[in-house]
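Trainee: Chain residues, written in single-letter form:
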Amino acid sequence: MAVAGSGKTTYIVNSLSEDKRTLIVTYTNANYRNLRRKISVRFHDEWPKNTVLMTYFHFLYSFCFKPFLSDIVNAKGIVFDRDPNHYHNYRVPEFYMNHERFLYSNRLAYLIEVQQKTEDVKNRLKKYFDYFIIDEVQDISGRDFNFLKLLMPTAMDMLFVGDFFQHTFDTSRDGSVNRNLFQDKTRYESYFAGNGFIIDETRLSDSWRCSKSICEYVSSNLGIRISSNRSPDDNTQIYFIEDVEEIKRILYDSSIIKLHYKNGAKFGLSHKNWGETKGEDNYSDICVLLNPTTMQKYRFGRLNELSASTKNKLYVALTRAHGNVFLIEEKVAEQLIDSI
Amino acid sequence: MAVTISKIKLINYRRFRNYCFLPNQGINIVVGDNEAGKSSILEAVDLVASGSIKRFESLGLDRLMNIDAVNEYNHGNRNFDNLPKILIELYLQGDFDFTMNGNNNSEQRICDGIRLVCEANSDYQREIISALYDNPDYFPYEYYSVRFSTFADEGYSGYKKKLKTVLIDSTNMSTEYTTNDFVKRMYIQYTENSASEKATHKSKYRQMRLSYCTEALSSLNNRVPPESNYAFGLKPVSDNSFEKDIMIYENDIAIDNKGTGKQVFIKTDFALEHAGDNVDVILIEEPENHLSQVNLRKLVNRVAANQNGQLFITTHSSLISTRLELQNLMIMHHQNTNNPISLNNVTHDTAKYFMKAPPANIIEFSLSDKAILLEGPSEYILFEKFYASLAGHSPEDDNIHIMDIRGLSFKRFLEISVLLGNRVAVITDNDKDYQKNCIEKYRDYLGNNQIKVFYTRNNDHHTYEIVLYNENQELCDRLFGNDAKDYMLSNKTEASYRILTSEEPINVPDYIKEAIEWIRG
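So the sequences go chain by chain: A and B. In terms of numbering that gives the first Met the number 0, the first sequence is numbered consecutively and its last residue is 339. In terms of numbering that gives the first Met the number 0, the second sequence is numbered consecutively and its last residue is 520.
Source of the hints: derived by calculation from the structure; they are not laboratory data. Treat the hints with caution; some may be incorrect.
Claimed, not checked - If you anchor each label on the Cβ, the simulated ranges turn out as follows:
(1) A29/A with I128/B: 29 to 35 Å
(2) S227/B with R35/A: 54 to 60 Å
(3) E395/B with N122/A: 56 to 62 Å
(4) D348/B with R100/A: 54 to 60 Å
(5) N122/A with R301/B: 42 to 48 Å
(6) A29/A with S227/B: 43 to 49 Å
(7) I128/B with F79/A: 29 to 35 Å
All C-beta atoms in this analysis are idealised placements derived from N, C-alpha and C, irrespective of residue type, glycine included.
In isolation and in its complexed conformation, chain A is listed as follows (with noise of 0.2 Å):
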């Protein structure tokens, strides 16, 4: 279990071996190229051979459920739709897929364990793989999280690394199925305890990415433990900034990164949303704009009573920065950056 900036990617990297055939599956685009390019790099520009990376759904659908369903179910493809069809008896093929024969993204590995084929995939595993390495697990959810308490059992060494809080994203959820699945982080961890798993908490507790008094300001505003790596003297700052003109500098320096609540993608190439930033790991300075619900709780020093969703996402932003955090009113910058 890791806190973001506590060198989640180098563990992995440095965790390799040649000599090891080994599968690293990670959920979001941005990480896979992000591990992508840290592997050349520690294997001096050239891929490691017996090392495969592949996203999430590229493992679900071309490593688990291609090669022992592709003709059986005849589908084209996976869709991201957000809300699929629930009436659907779950012994129907328009459960799984819509009209244009695509599966539906968070009902796949549900496909694959009702089609009885999960020890296939293991034994798939455990033929070309030793070692199984998943990466940003707290974002494998709903009935992927069910899938992936069968593949745990499988005889094979496995290395999952994950960051409970940073849990956003959501393409995996199916209704109630694994609802309360973040609710709770002791029960969480058991899950994988109860399969063999050592929870190792203290390895990657500390973050090199941020600094005392942002871990520190994490901690006691979010009630997300994290602690920091870097020394005393190495500190940097959160400033809530108010005075306008100080407002339109940070808007107009384009090496500060502005991150919305959400549609920060609207506003250009130096604005993003919140979440969307995890795994990214090369931003100094960051200006956070806080949306009316959480402007409210900043205000009274409630962050910590906002919604676990919005919550996680604040986490990841605020724990981008290498140097100081900005906080901005959303409401006041967005005026700003329309009057200019």
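Given chain A's structure and the hints, the job is docking chain B onto it.
Mentor: For chain B alone, kept in the frame of chain A given last:
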């Protein structure tokens, strides 16, 4: 580790409805008559390995799709799901990664392999259904599409070859295309692991042409008036110029300057040189076509000495098949529609028998649609005369093969015949007990209407000579004197020969007559 093919499956491809070929890991000699589909097997292997949609299309879907499958479809329930598809599957053995392994094959078995699938494109389902409805004879060839994938259902193409094959096709050897294609393939296979080497070759080739223009052509271009904008040069380099220009030499002579026969030899030799290394599977089509006996023997010795790689050779030549050991023989017969016969399919004793017997026998027998098995040379000598006196022409004209099987090994041949499905008449003596020697002995084949045993029921007429004498008493007495019957029994072949050369009309014994009528059927 080299890759070998452990099974070839062809479904609705050319003449095969559902064909399964289990090749040997080393040499496979594919024999069969002209319509048996020997070349189709080689073509199918090469096609699947190529991963080339263009090649598939150039062969023409309407020729590749089995015509019976099309007719059956058009006379049956013409809905979308029933549309036949072409499947060619190569089950492979080798050291593969996970992208080759899965159950997307006709057996739904988890294993390594690659396949070609050609089926109606479901994107056009509506158009296809309405076209089928409009015209009862229509078949929607133009809505079919082809794809290549592994058994894990990962697509592949010529750029990501899973199986390296070389086809040496001597049937159209003389064309410039086949030599170019061969040279290009060998070049690609030699440089497969080094994209940078290939790039260097191409770039140096380009530079060489450029420097030729600036150096060798400079004085020529100096004579072109400077105020005009014209200059001489070489034709522009296209992407495949280099591959078109490259050639293989033997002792400084380009192989395309050699005779067709010699080319077959060189290509085979060159391919074998790197078998198991740069080449997994070598496909050789009828090498006897352009080779002298001497060169053919050399080639066969070269193949026999080869230890690596998997070989498929189609042939009509018994020289090839006999030199390369009978276990390697794969017999394709157009009566037998499901799989070729190899000696691995027959009982151990029968396999041993054919290993010891003259090798031509099994090949001749296997290639014939209809055969008559005789017990000895004396029957054989007169048989054509019997046949002609009934039919008015020779058995060859009816494609009937007459074989003299010494040592009463009929049952060995019948075992093969059950596998092949050819029509076989056995003509035998009753040896004084027809019940035992002619009925019970062949009890196993009673239910088989392609096999029939002919004999006489008169136990006194226990051998052929006695029957022959009784039917032609006057002629025999005239030819052989008073003790004609005894003479015939102790000089069997000589007697037969003298009857034949007498050119007298002859009465055909009844059971032989029946046999001839039955086989002509």
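Trainee: Compare the structure with each hint and give your call.
Mentor: Right, here's what the structure says about each hint:
1. A29/A with I128/B: 29 to 35 Å: 45 Å Cβ-Cβ, so the 29 to 35 Å window is violated.
2. S227/B with R35/A: 54 to 60 Å: With Cβ atoms ~55 Å apart, the hint holds.
3. E395/B with N122/A: 56 to 62 Å: holds, 58 Å
4. D348/B with R100/A: 54 to 60 Å: holds, 55 Å
5. N122/A with R301/B: 42 to 48 Å: holds, 43 Å
6. A29/A with S227/B: 43 to 49 Å: With a Cβ separation near 59 Å, A29/A and S227/B fall outside 43 to 49 Å, so the hint is violated.
7. I128/B with F79/A: 29 to 35 Å: This hint holds: roughly 31 Å between Cβ atoms.
The structure fails hints 1 and 6 (numbered hints given earlier, in ascending order).
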